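J.: Start counting the sequence shown at 1; every next residue gets the next number (my numbering).
Any given hint might turn out to be false.
Unchecked claim - Here are the simulated SDA-like cross-link-like pairs (lysine to any residue), alpha carbons at most 20 Å apart as the crow flies:
1) K13 <-> G47
2) K65 <-> G47
3) K5 <-> G23
4) K65 <-> K54
5) K5 <-> K65
6) K65 <-> Y34
7) K18 <-> R60
8) K65 <-> N26
9) K54 <-> I27
10) K10 <-> T49
11) K13 <-> E30
To be verified - Restraint ranges, calculated between C-beta atoms of paired labels, are given here:
12) E14 <-> M40: 15 to 25 Å
13) P41 <-> K65: 38 to 48 Å
14) V25 <-> G61: 23 to 33 Å
15) G23 <-> K54: 41 to 51 Å
16) I6 <-> Y34: 33 to 43 Å
17) I3 <-> D36: 34 to 44 Å
18) F66 <-> G37: 11 to 21 Å
19) R17 <-> G70: 35 to 45 Å
These are computed hints drawn from the structure, not numbers from a lab. None of the values given here were measured: they were computed from a predicted structure. Even glycine gets a Cβ: it sits at the ideal position worked out from N, Cα and C.
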Amino acid sequence: MPISKIFREKFQKEPERKYWSSGRVNIIGEHSDYHDGLVMPAAINLGITWVVAKNGDYVRGYTEKFDEVG
């Protein structure tokens, strides 16, 4: 199901913005960058999508994986 449709069902309002952030892998150098080591990260085609709308002065979230609004 499209994320915008899920948002409308869970929060009874239209999403105002949609964001997508790609995942990444570290080809070499896992956890070595903060010890002055070398790293070679790369973006991958998997990621996370967020849709958001203003909601007063608090934040609520939902994830399909756990099917809960929090």
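J.: Tell me, in ascending order, the numbers of any earlier hints that this structure violates.
T.: Per hint list: 1, 3, 4, 6, 8, 9, 11, 12, 13, 15, 18 and 19 violated.
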